[in-house]
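S.K.: In the order they appear, the protein sequences are chains F and S. For what it's worth, the numbering used here labels the leading residue of the first sequence as 1, then goes sequentially. For what it's worth, the numbering used here labels the leading residue of the second sequence as 1, then goes sequentially.
These are calculated hints, taken from the structure and not from any lab test. Idealized CB from N, CA, C, for every residue including glycine. Keep in mind that a hint or two might mislead.
Label-pair ranges, simulated between beta-carbon atoms [unchecked claim]:
(1) S/S109 to F/L286: 49 to 59 Å
(2) F/F195 to S/R140: 21 to 31 Å
(3) F/A20 to S/Q178: 45 to 55 Å
(4) S/D126 to F/F195: 26 to 36 Å
(5) S/G91 to F/Q153: 27 to 37 Å
(6) S/F215 to F/L152: 56 to 66 Å
(7) S/V174 to F/R13: 40 to 50 Å
(8) F/A20 to S/S109: 39 to 49 Å
(9) F/Y174 to S/F13: 51 to 61 Å
(10) S/P71 to F/A144: 43 to 53 Å
Here chain S is said to cover these stretches of chain F; the calculated rule only asks that three of the stretch's residues, wherever they fall, bring their Cβ under 8 Å from a Cβ of chain S [stated by the list, open to error]:
(11) 74-83
(12) 184-196
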Amino acid sequence: MTQRFRPPATALRRLFVGGAAIALVYVVLAPLSSTDAGQQLGLPFLTDRLWFRVATTVAMFVVLASAWNIIGGLTGYASFGNVAFFGLGAYTTGVLVSLRQWPFGLALLLAPVVPALFALVIGIPLLRLHGHYFAVASLGVGVAVGEVVNNLQPLGASTGLFLPIVRSNLLFFYLMLAAAALAVLVTWVILHTRFGYGLLAIRENEEAAAVIGVNTTFYKVAALMIAAALTGLAGGIFAQWNTFINQENVFPIEYNVEMILMAVLGGAGTLLGPVAGAVTLELVILRLAGGGAAAAYSQIGLGVLLAVTVIFLPRGVIDFFGGQSRLSLWALRRSLRETSV
Amino acid sequence: MSQLAVRGVSKRFGGVAALTEVTFSVEPGEIFGIIGPNGAGKTTLLNCISGLYDTDAGEIRWEDRSITGLPAHRIARLGIGRTFQIVRPFGSMTVRENAATGALFGQPSGRLQPRQALAYADTVLDLVGLAAKRDYPVRRLTVPDRKRLEVARALAMRPRLLLLDEVMAGLNPVEIEQALDMVRQVNRQGVTMVLIEHVMRVIVGVCTRALVLNFGRPLIEGKPEAVLRDPRVIEAYLGERYARQGGPDASPTQADGEGGGGAGQ
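Isolated chain F (complex conformation):
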């Protein structure tokens, strides 16, 4: 099983090790933030609350991109509705904490459960569709759930929900980081078990998978439920972290575009591709976000980037550095042929 995951080229591996080292230092030093020790060390990011926001957001998108990768990358079902799972997770926590006065920890436990059950209900009919049809149908679900929530009076409708403020940057940073680690761990386990083989077989040829004994419906629905649970967990953490949720901030379709872009750019179907994609792209997006006109252009840029990636690097940047992809006319022709554009 392991031989499919070609070791990335040395340059890429160094990049990964370097990135991981920086991340680790930050994770370990994080408790020193806003303390005298942090000041004395003279590390600017440790005294800056903005950095926590950035790091937490990056970790959140690692969860979203890795979760999307399970259904979109491994199973081959490009879901445009994953943001619904994020919103449902956020609203599960939000409703329980703000309307039912549950402790946050307890409410967070249900944040993955509700989206997973929702994935079960919509997955059975939706996953009968293929390709573009599934993509469009899932987009419909993603938009519809947000609209429904926006109109439900008991859920605060368009006013949204306010959660009691928990002042701890550190808590949310570590929670989101744990969720990211969990998402990567879950992907690793899937890739190394029977279940992962089944998902890949479905992605490569669903009828061939069925006639060798893969229960395709069960596998597809299970993959969607796992993706939904992880996405919902991130949503639940986000709700308490942000202390305010409404349709706009937990059901934004841009999140869905971004998680797809991150997974595809980094390398859909790989273990670390979505992680690399999420870190890189989220830092770029946050960098551009403050820049006025640049922010508007960045949306166009992301779209172009997605198109270029899919055409030239169908297996992502990870494969480009470590594998067979090359930027060439030949690669373009092959990729157009394979995607039958």
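Starting from the known structure of chain F, fit chain S onto it as the hints suggest.
M.R.: For chain S alone, kept in the frame of chain F given last:
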């Protein structure tokens, strides 16, 4: 007792009657051939048996139980393996991993772990002659090798019945001989076989009995040599004029040169 019994199976696609009241049965250990001109419904029949299509009428029985309407993965685990005329390998996997998927999901008894499945894959790759190429990515395989891989993946399921959809199409005479040896060898291990073929040498060479389909209807069933001399069969393949002339010269010894095209898909 027949191992596989197809009773009055019909299948329509809109206004097209792809199969009409097809009936035949296969005994344990047999090599049963299904032949017929392009579009006769051969692949449709295989799709009905393996559960990819629901039948509109009739019953399919396997080892004394009805498998009509069962989903494809259940039928697979009951011991029925199949190959596709247009090969469908899992492109992102190696040759060995492709074969291992068959062992991983299709074996009727117990659940294998990936490691055991890979080990089992080696034994079937040996049998089909792909052992040396087991670590190749699929895209490096030639067409005959891809057909072998298709068979290996099905064999890894340890099937008691193997449905082969034109595995010989597009092979040269030497490769056909090799493939025939492989078919005989698998059959000797106790695997019943149903094979769709256009290459008549294959039908005469290995099949115990053959069924001829024409426009979705069974035309004749019997010993391969007898079936191929039947005027109705010659007419179905070559038209009425040749059937009237009769004689062995007019028999369709190699009726097809299409080489794995889209017949009956």
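S.K.: Evaluate each hint against the coordinates.
M.R.: Hints, one by one, checked against the model:
1. S/S109 to F/L286: 49 to 59 Å: holds, 54 Å
2. F/F195 to S/R140: 21 to 31 Å: holds, 27 Å
3. F/A20 to S/Q178: 45 to 55 Å: Hint holds: Cβ distance 51 Å, inside 45 to 55 Å.
4. S/D126 to F/F195: 26 to 36 Å: holds, 28 Å
5. S/G91 to F/Q153: 27 to 37 Å: Since the Cβ atoms of S/G91 and F/Q153 sit about 51 Å apart, the hinted range of 27 to 37 Å is violated.
6. S/F215 to F/L152: 56 to 66 Å: This hint holds: roughly 58 Å between Cβ atoms.
7. S/V174 to F/R13: 40 to 50 Å: About 46 Å separates the Cβ atoms of S/V174 and F/R13, which means 40 to 50 Å holds.
8. F/A20 to S/S109: 39 to 49 Å: For S/S109 against F/A20, whose Cβ atoms are near 44 Å apart, the range 39 to 49 Å holds.
9. F/Y174 to S/F13: 51 to 61 Å: Hint holds: Cβ distance 58 Å, inside 51 to 61 Å.
10. S/P71 to F/A144: 43 to 53 Å: For S/P71 and F/A144 the Cβ distance comes to about 30 Å; the hint is violated.
11. 74-83: With 0 residues close enough to chain S, the hint is violated.
12. 184-196: Answer holds; 3 residues pass the 8 Å Cβ test.
Checked against the numbered hints given earlier, this structure breaks hints 5, 10 and 11; the rest are met.
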